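Peer 1: Residue strings, one per chain:
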Amino acid sequence: MSLMTKFLTAAAATALSAGAALAEPGLIIDLGGKFDKSFNESAYTGAQRWVEETGGDYMETELASEAQREQTMRRMAERGANPVVVLGFANASTLEQVAPDYPDTNFVIVDAVVDQPNVQSIVFSEHQGSYLVGMMAAMASETGTVSFVGGMDVPLIRKFACGYAQGAKAVDEDIEVIANMTGTTPAAWNDPVKGGELTRSQIGQGSDVVFAAAGGTGVGVLQAAADEDIMAIGVDSNQNYMHPDTMLTSMVKRVDNAVYDAFTAADEGTFESGVEVKGLEDQGVGYAMDEYNESLVTDEMEAAVEEAKAGIISGEIEVHDYTADDSCPALSL
Amino acid sequence: MSFLDIIQILDSTIRLATPLLLACLAGLFSERSGVVDIGLEGKMLVAAFFSAAVAAITGSVWIGLLAGIAAAVVFSLIHGLASITFRGDQLISGVAINFLAAGMTVLIAQDWFQQGSRTPALTGDARFGTIDLPFADALSGVPFLGPLYADALSGHTILVYVGFLAVPATWYVLFRTRFGLRLRAVGENPGAVDTAGVSVVRLRYAAVLICGLLTGLAGAYLATGLAAGFTKDMTAGRGFIALAALIFAKWRPWYALFACLLFGFLQAVSNRYSTLDLGIIEIPNAFVLALPYILTVVILAGFVGRAIPPRAGGQPYVKER
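Protein chains in written order, with the UniProt record's numbering: chain A, 1 to 333; chain B, 1 to 321.
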């Protein structure tokens, strides 16, 4: 009898733990792909770090097309994932509709604000990070012209461009900043050939430092910069390793931390809805230094950038945010 | 706009026009024989993947090129099998090829390299290097023509020159050889060709094979000449622009060259200037990018001459018994 009770208790315990394990966090990788060496890959890295540290499991799917957003989000919620983390501004309108249908599921959206009681919105101060790499670009440039290649032409990418131009102009008022967008459809995140061609065109106009904020298209930008022997700046993930002698730095955006924190909060039951802004002060954005770019970045450069960083954090330097009023004083886009 | 700007735009035009030109000539052979091919995009994509993948594995771009061509030819044969042998709908077969290529390349890339549906970045001999045309350095001092030759025409990869030489070659084959005459005839009136005792099926397969070869070159140029490796969906609609160019060129090789150069030029201009300032009016970038399609519609609507497709295009040939 007592043996029977033991069995039953054990079975109940297993069932309970299985029940707990069912509430795994979920991650929906956005268009551009898991290993885009940039935005999505950063999110994936954060999820992997959480798995390594906690030994937990999470659900993951990858979008194959724009049309799958709603279906994927709903399926993830119905399979019991909690929280469901979605990446990218393009999910905002979909999540706005989906979230109220699953009041018991928490959602986290990166890069956009969705005002629902069960949604946490994480946005980054990309303009601040871009400002810092813009300064580095201007200091490294010998021709007095620097450039920017964006992916799809959306306010978020213009925010990068605007911060970059402000940083460059803070160092040298007369510097020329050329900005190009790859396209106006999501295909603009995946066209390395056009990215390379835009870069060559900018080099033709005198640019010798290019900043790519273009997802998979950026791979072509960085490659063209390496081929033509000019400096390039990566984005989102640390991309310095891709072309060791020509990568000046990378504007890192710690999407990995955002995902990691969301997963951890779910574990601890400390999920909070609302908007969370991650900027320079909490290491949400920054510039990457490692063994691949230390020969390109001078001490003087690093000192100036550190000073500006402190200035931005203290509020002494104000970097204009494009998305605040849809305009950019430093750059006509 | 200085002279240097113009040279750089022309340089970019040549790079951007080459994949369009190769794909356009591929479509020309296929459609002239009566096989409509909207699968150019898919064939370029599969060639781009296999050329980059094999070049990455073997370290030799030439082996990669052969693999890319082989892959495109296999896809051409699938199209041929469906539309010539089994007399299926050529449009549906073309669409199927595009979908198959888009899915298959990503899947195999992930299985082989685990780098998120892309191949490793190609370096050194795994990529096509640029070649300088003879006397490029010596002539660069000549005013006007010198820079044009040395900076715009010279310094491309070998596939660019292959693409441009393919134009006279195509013209010669189509209009000066017996094979070309029969090929054109089979696209206009396959019944007559059959009556003359020439195999319609064999001619159409030959055209489809040449189509595979040329799309193979186009795809390999994208992945190993322009870019350094394959990324998902990297053809980005170039196969469809090539089809538009084919209609714009009224299915003729020299016109195809000019159509592709024009489309390449429009892309190069839109890359260079975010808005085109013509003094009086400013033309937005999006309009310049849309121009190839607008022009094609204008041509199709019959405003600028008439574009008459091969008469038997799209129809499977059924031998009378």
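Quick caveat, the hints were computed from the structure, so don't treat them as lab data.
Source: prediction; values computed, not measured.
Beta carbons are placed, not taken as given, at the ideal position from N, Cα and C, and that holds for glycine.
Don't take each hint at face value.
When the alpha-carbon atoms are kept at most 20 angstroms apart in a straight line, the in silico SDA-like pairs for lysine to any residue are as follows [stated by the list, open to error]: (1) A:K309 <-> A:M139; (2) A:K34 <-> B:F287; (3) A:K34 <-> B:Q110.
Only some residues are given here: those of chain A computed to face chain B with a beta carbon under 10 angstroms [stated by the list, open to error]: (4) K34; (5) S327; (6) A330.
Peer 1: Determine which of the earlier numbered hints do not hold for this structure and return their numbers in increasing order.
Peer 2: Numbers 2, 5 and 6 - these are the hints that the structure violates, sorted from lowest upward.
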